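Taken in order, these protein sequences are the chains called A and B. Each residue of the first sequence is one higher than the one before, counting from 1 in the numbering used here. Each residue of the second sequence is one higher than the one before, counting from 1001 in the numbering used here.
You may find that some hints are simply not true.
The list that follows gives simulated cross-link-like pairs (lysine to any residue, SDA-like), each with its CA atoms no further than 20 Å apart [said to hold, decoys possible]:
1) 104(A) / 1209(B)
2) 1156(B) / 254(A)
3) 104(A) / 1022(B)
Honestly, the hints are just simulated from the structure, not real lab data. Since the model is a prediction, treat every value here as computed from it, not as a measurement.
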Amino acid sequence: MARKEYAFYPGCSSQKGASASNYLVSVESMCKTLDIKMTEIPDWNCCGASVSYAESGELPRIAMNARNFALAETNLPGQDIVATCAACWLGSRESKERLEHNSKLMADTQTALKEAGLQIKAIPEIRHMVEVLIEDLGYDELKKPVKKPLDGMKFAGYVGCQTNRPFGIAGESFENPMYLDKLIETVGGEAVKYDQKVTCCGGALAFSEPEKAQGQIKDIIEAAYDGGAEMIVTPCPLCQANVEVYQGQINKKYGTKFNIPVLYYSQLMTLAYGGSAKEAGLNGNVVKARKLEEFAGK
Amino acid sequence: MSDKNQEMAERYKNNFLKEIEEQAEMGEWVKMCMQCGLCSGSCPTNFHSGWDHPPQEIFMLIRAGKREEVLNANGMYMCTSCYNCYVRCPRKVPVTHVMHGIAEYAYRIGRAPKNQPTMHLSKTFWTNATKYGRVNEVQLTQSLYFKDGIGAGIKKAMEMQSEALGLVKAGRLNPMEALGMGHKCKDIKGIHAMLAKAEELEAKNKAAKA
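Here chain A stands alone, though its shape is the one from the complex (with noise of 0.2 Å):
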């Protein structure tokens, strides 16, 4: 039996051919030398994100929501949900909240579940895949597994919004919270100073408005270069993908040189673990992190 055993929700962004299919990757690496067991919650749906905000309604959102938890509560009894983007952690931790203190909304919920021949009778605790290694191991046990520390890189570790606000990890605060820091240093890396740590990277704005969020990417790289950090990294899909993706479009636009590579914490992880390249998703980088293919072939 596995040290610690998870309902997992990888959502939409993390599937296999999607746009963060390499942080399941190097989660399912990583998860494998913690020996942590994650288990996909059976036929699992979007939690809706928070920019389907005009069309659908509180209790549609809500709703789908709840459809995780029940399948998550009846085929994986007893088990956390475990989310690794940050939307679908807010999403689904949101509704548990609502739920849970308005019974009028919680009756409303249960009725459409029916529709669905699905009900709730408790909800499962709602986590971030940061909150089980800091809180369920700690850093202390995250630190024993690694054979190969990122001796002498820097990183500029990129908190953004969703895994920090509103929930954030408990016991760190909004404005500078450490825990992505912690996570850099844990494996060996240095996680160098920067101002833009909790800045919004312009979140589903970069589809729509992508002006006003390539400003916002351009504040944040700038600021992790000046900082001295060779590559980011984060905890969030959309983060990660935002930040990643427009450099082209970025420097076109504003003459700058930016090519910085951006990763997630768990490749990080996987890589300081001994896994190789492959392993910890390094070929689903569109910015190269040829520093670290370099480090894992060794």
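Assemble chain B onto chain A, guided by the hints.
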């Protein structure tokens, strides 16, 4: 002007605060605002041009009964859901959710701006996510690019060519999704029945107010 808009304006007479409190999700929080402006100062998009009213102005306009100004405003659609305003508000107003709630209400009564890009994205996202139960990222991107017609769509797609190609090469974009292949829930029928019931109940609850 839509019938629904007319109906609501008449039902609530000049009491727009009550209208928002009863009809918009989290609207009951508007009266808690003390006009400190921390929300507006914390907003990442408030530093860009194109804003008419940031959150605290929207809240004051609601209390002042300025129905037209609020429903015509574009401030709600500038939200990136970063939750800066939410965690910083000294009165614990869930500003992000209130802004989303007002946007949804404006849409429900037919007052949302027709071609506002984030409004369009919001609708497209929800339609996409609920069609198969999971987001089809390729179809989502396509419908966003082509919102202003075929010509503009092709131009946009060409501009984004190298970004898209980079993602395909990295195994993070599956062109087959364009054809409806890819990620789906098994019980799509159950999801659709559940959502239909949820929409029906929500409409009934809103109608029962006032």
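Now the hints, each set against the structure:
no., hint, verdict
1, 104(A) / 1209(B), "holds (14 Å)"
2, 1156(B) / 254(A), "holds (19 Å)"
3, 104(A) / 1022(B), "holds (15 Å)"
When the structure is compared with the earlier hints, no violation turns up for any of them.
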